[in-house]
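Asks: Please build the complete structure, drawing on both the sequences and the hints.
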Amino acid sequence: MRILVPIKRTPDPNSLVRLTADAQIDLDGCKWIVNPFDEIALEEAVRQREAGLDAEIVVVSIGPEEAADQLRACLAMGADRAIHVCCNRSLEPIQTAHLLAAVVATEQPDLILMGKQAIDGDQNQTGQMLAGRLGWPQATFASTITISDNHTTAVVEREVDTGRETLQVRLPAVVTADLRLAEPRYVALPAIIRARNKPMANVAVDDLGGVPDCGVRTVGYELPPSRAPGVMLPDAASLAAKIREAVQ
Amino acid sequence: MIPLTHAEGGAFLLGDSHPDRVFTPEDFTAESRMMARTAEEFLAREVLPKTAQIEQHDTDLMACLMRQAGELGLLAADVPVEYGGLGLDVPTGALLAEKLNPQQSFALTHEAHSVIAVMPLLLFGSHEQKLKYLPKLASGEWLGSFCLSEPDSGSDALSAQTKAVLDPDGETYVLNGTKMWITNAAFADLFTVFAKVDGSRFTAFLVERGTPGLSLGPEEHKLGMKGTSTRRVMFDNVGVPVDNRLGAEGTGHYAAFCTLNLGRFKLEAGAVGGLKALLRQDVEYAKQRKQFGRPIAEFGQIQHKIAEIAARTFVLESAVYRLAGMLDERFSSIDPTSTDAPAAYHAAAEEYSPECGIVKVFGSELYSESADESIQIHGGYGYTEEFPPARAWRDQRLLRIGEGANEVVRLNLINTLIRRGSSGRIDLGDATKRALALTDADFAPDSEAGTPWNRLKTAALVLLHIASSAYGQRLPDEQEVVACIADIVIAAFVVESAALRMARMAARRVKPDILEIASIAADIVADQVLASAHIGAHTVMTRVAQTKPIDSAVQRLVVALFFSRESPDVIGLRRQLAKRCCEAGGYPWD
Chain L
1 MRILVPIKRT PDPNSLVRLT ADAQIDLDGC KWIVNPFDEI ALEEAVRQRE
51 AGLDAEIVVV SIGPEEAADQ LRACLAMGAD RAIHVCCNRS LEPIQTAHLL
101 AAVVATEQPD LILMGKQAID GDQNQTGQML AGRLGWPQAT FASTITISDN
151 HTTAVVEREV DTGRETLQVR LPAVVTADLR LAEPRYVALP AIIRARNKPM
201 ANVAVDDLGG VPDCGVRTVG YELPPSRAPG VMLPDAASLA AKIREAVQ
Chain P
1 MIPLTHAEGG AFLLGDSHPD RVFTPEDFTA ESRMMARTAE EFLAREVLPK
51 TAQIEQHDTD LMACLMRQAG ELGLLAADVP VEYGGLGLDV PTGALLAEKL
101 NPQQSFALTH EAHSVIAVMP LLLFGSHEQK LKYLPKLASG EWLGSFCLSE
151 PDSGSDALSA QTKAVLDPDG ETYVLNGTKM WITNAAFADL FTVFAKVDGS
201 RFTAFLVERG TPGLSLGPEE HKLGMKGTST RRVMFDNVGV PVDNRLGAEG
251 TGHYAAFCTL NLGRFKLEAG AVGGLKALLR QDVEYAKQRK QFGRPIAEFG
301 QIQHKIAEIA ARTFVLESAV YRLAGMLDER FSSIDPTSTD APAAYHAAAE
351 EYSPECGIVK VFGSELYSES ADESIQIHGG YGYTEEFPPA RAWRDQRLLR
401 IGEGANEVVR LNLINTLIRR GSSGRIDLGD ATKRALALTD ADFAPDSEAG
451 TPWNRLKTAA LVLLHIASSA YGQRLPDEQE VVACIADIVI AAFVVESAAL
501 RMARMAARRV KPDILEIASI AADIVADQVL ASAHIGAHTV MTRVAQTKPI
551 DSAVQRLVVA LFFSRESPDV IGLRRQLAKR CCEAGGYPWD
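Chains L and P, in that order, are what the protein sequence lines are.
Residue numbers for the first sequence follow this note's numbering, beginning at 1 and rising by one.
Residue numbers for the second sequence follow this note's numbering, beginning at 1 and rising by one.
Since no wrong hints were added, every one of them can be taken at face value.
With a straight-line Cα cutoff of 27 Å, these simulated BS3-like cross-link-like pairs (lysine-lysine) come out:
{"id": "1", "chain 1": "P", "residue 1": "K579", "chain 2": "L", "residue 2": "K31"}
{"id": "2", "chain 1": "P", "residue 1": "K579", "chain 2": "P", "residue 2": "K287"}
{"id": "3", "chain 1": "P", "residue 1": "K287", "chain 2": "L", "residue 2": "K31"}
{"id": "4", "chain 1": "P", "residue 1": "K511", "chain 2": "L", "residue 2": "K31"}
No lab work stands behind these hints: they were computed from the structure.
Replies: What follows is the structure, encoded as structure tokens:
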């Protein structure tokens, strides 16, 4: 079977991200990583294969030239080949889903395994929209995945507010990874060297039919207002007085 | 000063180096950074959480961590591919050392294995010896140990007493003696041992663990580095096959000194990482610790400390990776399997011994001062084991002693420069002549001679000239004079390294504010080393004048060197830099 793992290049949360004077997010000079949830999805795919699943693992990323670095990191983690859709503009989830659907048309994967959300926009929409567009079943926030021997179904345990829910989905399907699905491994140095020779294909956005308009326009960014400092009260009585004051 | 045509070790003193030839941390590929991340995560997830146990002298745990590191390829960086290693470039190997440093016991164990134990074999072993042992050492299946020091032989390594005698059958050497301060002794599978054949010909041998007659003393009770194994290794009629002799009889000192050169470089690459970790910790503490109603990070004296650690670490990092690039240029052209590999490696490892000594002294002393100031920033908490600076302070103290005491390294630095000058390897005479010809007018603002590093180079050349002409062959006896001059040479190299790095940063169009704080850091350090050099020059001239009067032209030149410059407002600069460190949560250039 073939597993497609879409990954996103996101800023390292430990980097200093600031707003510029004209209210744009300043990402210049920040460090970039593979979106951690996507990394978890890839780790799960690699583990499935290590546990005996006969699968080719293909990673795909839609991003600028530099996203090749993140794809190469995924090859080092164990993906077999990479597809780089070169795109320099920021996309809304519906646009990403549209482009990924075009990749799926060519690749014909049996399973799409991806992070439940990217840590930059925190939108949590792309996987769902992709499944919708493809007309495939979806199982989001997966914490375990079991693929049937004949590769026709997957049983996915997902974490929901009330506990755990178990779904069985027909393949092909879209499954999105939650935090506890798998802990990404240390990439051994020899694996990093082997990744040098794994194939990476470049695809232009136009070859996938271009980016459709989505009707969303970014007006501006601003920092959340800074919080007023708290007050230390000497005892419970003054706290009670404060509360009375506030509710009146 | 004239541009260099090719980079000889020590030749930086003679002219301007070109930024295009300089490796900087900004030059790392994504692949190298990925490898660094593996090292960083391994340290953070497997090593640092076990610090309490490591500090309890748990050497079994240490051996286990080393084997784990081996599985990830973290012991194989410098070993050629042909011998089961990864054959990485020198800068990437240095970056790995940097990332592993914050648990210093682990870092030292790692260095003692992968540099000083393995390098004698890697550089001077035969193809067969390398095939037999290097793959095991690169994978961590075997761990190594370097046995040079003895109870009565430390800095004077060649006075070693351990003896090797070739058995009459001609098949075996018999070793007798005691080695001291042997890192990794408890779990080493292979000992690289230096002994004198028939009491005279200094030679390196590979001795396998379990060889009859080899025994270990108890663990030493050390000030720091509590997690490393440090023991005596005793040889009582230990038979070593002739096949395990490294190189010819009487060539062991090359193996020892070349290895220690690389060890000095690698330890200070590590220091860069340790310093960054300290800075991160300092900034974090200073931001949350409030006194008089304000975070202490807002107070000038705390900002002073934070800025000094950051600025000098930037300069050290520039020097370390510049040297890494220089070493790589030499090492990468060597075919490890060829029969003349040992000669080529010897030449490469010896070439930059002055620069290796420079980063050793600058890095280890910076680490000491910074660990000390980190404790100060933490106040009473810094004096406890609850916070990292106490352990860092105890551990780093070794670096001024190990791999060559800084006193000896300073003497060797100047001695090597003089020797290379008189043998014609570097044209010290011509450079000195040009330095002596400089006048006040040459030090105008923005002039070439007026840059901090060229002032320092001129000062070093002029002082070396007057000291040599006053003392001649007796100069080495004037250790204090030599050490003063060494400090100025060291300052020249590191300050120039920062300037070269900034030129490359500018060419690569790094963010303007990153470049701006780099320039602030360079100004802070330059101001301070020029002030120290001024005092040093005065001390040297006063001393030399006791033996031989100093030419008035030289006196005028030295005055011009140190007075013809405008000092920046270092207090203002430090405040700015400290603020940036606080914003960045630590080292602002990573």
